[in-house]
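*Asks:* Chains Z and S supply the protein sequences, listed in that same order.
Going by full-length UniProt numbering, 252 is the number at position 252 of the first sequence; the sequence numbering is gapless.
Going by full-length UniProt numbering, 253 is the number at position 253 of the second sequence; the sequence numbering is gapless.
Please keep in mind that the hints were generated in silico from the structure rather than gathered at the bench.
Beta carbons are placed, not taken as given, at the ideal position from N, Cα and C, and that holds for glycine.
Hints may be right or wrong, so weigh each one.
So the derived label-pair ranges between C-beta atoms look like this [unchecked claim]:
#1 F110/S - S47/Z: 38 to 48 Å
#2 V29/Z - D287/S: 52 to 62 Å
#3 V28/Z - F41/S: 48 to 58 Å
#4 V200/Z - T184/S: 46 to 56 Å
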Amino acid sequence: MTTAVASKPKRPQFSLGGVLKTRELGIVVALAVLVAYTAISNPRFLSGQSVRDILLNTAIIAVMAAGQAVVVITRNIDLSVGSVLGLSAFTVATMMSANPGLPMVVALLVGLAVGGAAGLLNGVLVRYGRVPALVVTLGTMYIFRGLTYSWAGGQQVNADELPRHFLQFANASFLKIPWLVLIALIVVGGVSLVMRNYRVGRELYAMGSSPQAAELAGIKVSRNLLGAFIVSGALAGLAGVLFAARFGTVDAAAGTGYELNVVAAVVVGGVAVFGGSGTVWGAGLGALLLTVIGSALTVLDINQFWQQAIVGALIILAICADRLVAVRIARSLRKKDSHV
Amino acid sequence: MSELKRKLAGWDTIIIALTVVVLVIASLGVPNFGTSRNFTFLVLDLMPILLVALPMTFIIVTGEIDLSVASTLGLASSIMGWLWNQGLSIESIIPICIIAGAVLGALNGFLVTGLGLPSLAVTIGTLALYRGLALVVLGDGAVADFPFNYTGWVTGTIGGGSIPNVLILIVALAVIFGVVLHATPFGRSLYAIGANAEAAHFSGIRVARTKFWLYVVSGAVAGLVGVLWTLRYSSARADNGAGLELAVVAAVLLGGVSIFGGKGSLPGVLAGVVLLAALQNALRLQDVSGQALNIVTGALLVLSVLLPNIATSIRSTWQRRRLRRAATV
Chain Z
1 MTTAVASKPK RPQFSLGGVL KTRELGIVVA LAVLVAYTAI SNPRFLSGQS VRDILLNTAI
61 IAVMAAGQAV VVITRNIDLS VGSVLGLSAF TVATMMSANP GLPMVVALLV GLAVGGAAGL
121 LNGVLVRYGR VPALVVTLGT MYIFRGLTYS WAGGQQVNAD ELPRHFLQFA NASFLKIPWL
181 VLIALIVVGG VSLVMRNYRV GRELYAMGSS PQAAELAGIK VSRNLLGAFI VSGALAGLAG
241 VLFAARFGTV DAAAGTGYEL NVVAAVVVGG VAVFGGSGTV WGAGLGALLL TVIGSALTVL
301 DINQFWQQAI VGALIILAIC ADRLVAVRIA RSLRKKDSHV
Chain S
1 MSELKRKLAG WDTIIIALTV VVLVIASLGV PNFGTSRNFT FLVLDLMPIL LVALPMTFII
61 VTGEIDLSVA STLGLASSIM GWLWNQGLSI ESIIPICIIA GAVLGALNGF LVTGLGLPSL
121 AVTIGTLALY RGLALVVLGD GAVADFPFNY TGWVTGTIGG GSIPNVLILI VALAVIFGVV
181 LHATPFGRSL YAIGANAEAA HFSGIRVART KFWLYVVSGA VAGLVGVLWT LRYSSARADN
241 GAGLELAVVA AVLLGGVSIF GGKGSLPGVL AGVVLLAALQ NALRLQDVSG QALNIVTGAL
301 LVLSVLLPNI ATSIRSTWQR RRLRRAATV
């Protein structure tokens with residue numbers, strides 16, 4: 001299935017059979033059932049405001065999940081994303097409150113740069129320090145959060161200190177689509193496209209499938225790995241700007257614990273933690289599913305406390321499903337071989 | 001001789017030496033650090049990390065990981081509070097909480113060994129699941145009215161002196177885990193599993209069963225720590241111990257255990273735990289914020305893995321150069 005795609009020399013082609021077989025179909029069906037059931041028991045669930053809230057809440061996690069998916073596909077992990085979001089959000093909020101005249105584009109670029117630099121550090125330590133990504137990003141998760149705390153101390157940037165145009169960005173729309181959602185769509189779509197159709201994307205899949213083979217095949221592993229971590233960091237930085245614009249109040253704790261939601265979105269979205277398979281748009285769908293579950297629980301009047309338990313159960317279900325698929329592929333490959 | 005040399009150069013020896021140096025400097029230079037009162041606080045602070053780190057060391061030595069420990073702790077604390085509200089006696093609640101932890105650990109163990117799922121992903125899942133269940137059981141409130149003879153025992157000292165009561169428990173468990181890991185065939189089999197699970201399997205070690213029981217023990221210890229945590233703060237809460245898993249993993253790796261398995265020692269891990277706790281304690285006495293210490297923790301964690309790697313690569317470069325020189329002569 002998706003693992004096999006990596007070895008195909010030609011571009012993957014669109015076919016109905018292929019779509020029906022993808023793992024993402026499971027999430028789409030789950031989403032459809034959940035939305036239908038919730039909407040029937042409470043029609044307000046599909047009101048404009050409610051849908052808008054869901055999409056805005058999904059946007060920030062989806063942007064981070066796109067970057068995380070790229071890293072996980074290479075058989076690594078980036079646990080520092082929540083701290084990078086915090087660092088970027090506080091940097092940009094401080095900058096904008098000191099210079100209210102700066103245009104939004106500058107804020108976005110600064111966020112990307114802060115995150116990209118953090119990602120570069122992660123990538124260098126993983127590749128050249130030969131330290132496993134889990135350890136590196138666990139360490140930098142502490143380091144980036146600590147930096148933000150020692151810089152911010154107990155103070156926070158409030159909404160009334162931020163320029164109006166910065167705060168409006170979160171709610172302003174283009175063609176009736178909020179900018180936040182538009183950015184998430186562009187990011188998830190763009191990264192998906194690169195991963196699916198461009199050489200560098202296929203190389204990242206190959207690196208995740210078999211790191212040694214990728215090295216032997218002459219893939220520029222160092223460059224690609226650094227790139228993957230920079231993308232993950234930069235997108236977490238971008239998410240920091242979106243976070244600051246949406247919530248207006250930023251302190252040193254911004255984004256604490258987000259790494260769990262992001263990893264959950266990626267895993268639920270069908271990206272295997274052993275690397276080499278899964279899609280970026282699947283990760284985006286995973287982010288959407290998790291957010292919809294949160295809102296559905298509220299609408300259905302179910303104890304909000306169930307939300308995290310359901311997220312956990314979903315992660316475990318997703319890895320079980322993934323394992324099942326892998327076992328089946330292995331079996332069918334063995335069968336094919338025996339006939340040759 | 002070379003054996004001794006290798007031991008001296010090992011990371012765990014370095015970390016033990018570093019811990020001693022930090023303790024000496026802090027006792028001499030930081031006001032109040034060396035007082036018996038502060039010693040009690042230090043022991044109470046490092047207790048949860050140290051106890052959870054014992055089974056975590058075993059698990060990481062076999063090449064797996066358990067990120068759900070802090071959530072298991074929180075769920076045990078919630079169960080404790082809920083059962084107390086139901087009117088059960090504390091004497092029956094405590095074993096129930098420890099057994100509940102063992103059951104949660106068994107679920108992890110089953111998912112990892114029975115279904116063959118990657119432990120990192122499984123325990124990220126149960127990290128969320130158990131914390132969620134803790135909220136379901138107790139909500140966001142707290143249960144506080146535990147009997148004083150229990151809460152007082154956890155925070156008290158032997159005969160009102162300077163040795164905390166819980167130190168007995170800590171030393172006893174650390175000795176048991178240390179003897180099992182370093183002086184029994186079972187302990188050696190853990191290193192064999194971590195070095196090469198397949199080879200261990202073919203040499204007759206029951207890899208899956210061993211790993212399963214490690215998760216059960218890890219859960220039971222997390223349950224016990226949940227009880228101790230609740231009694232120490234006289235407060236059962238669903239968010240007790242949140243984030244502790246990362247501190248535990250950091251301390252274990254800092255103590256020289258390889259994340260790839262097959263390497264590490266319990267004395268190193270104990271030093272890692274003490275080092276982190278002593279630094280935190282000393283800096284807090286100096287009025288440095290606990291959050292700024294995150295930088296130190298993170299940097300130590302990365303360096304503890306990075307430095308040995310750099311040392312190895314420098315050594316191999318030297319060796320290659322020496323060989324080349326010998327070849328040209």
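*Asks:* Does each hint hold? Answer for all of them.
*Replies:* For each hint, the structure was consulted:
1. At roughly 43 Å, the beta carbons of F110/S and S47/Z sit within the given window of 38 to 48 Å.
2. Distance hint check: the CB atoms of V29/Z and D287/S are about 56 Å apart, consistent with the given range 52 to 62 Å.
3. Under the hint 48 to 58 Å, the C-beta atoms of V28/Z and F41/S, about 54 Å apart, fit the expected range.
4. A hinted range of 46 to 56 Å holds for the C-beta pair V200/Z and T184/S, which are about 50 Å apart.
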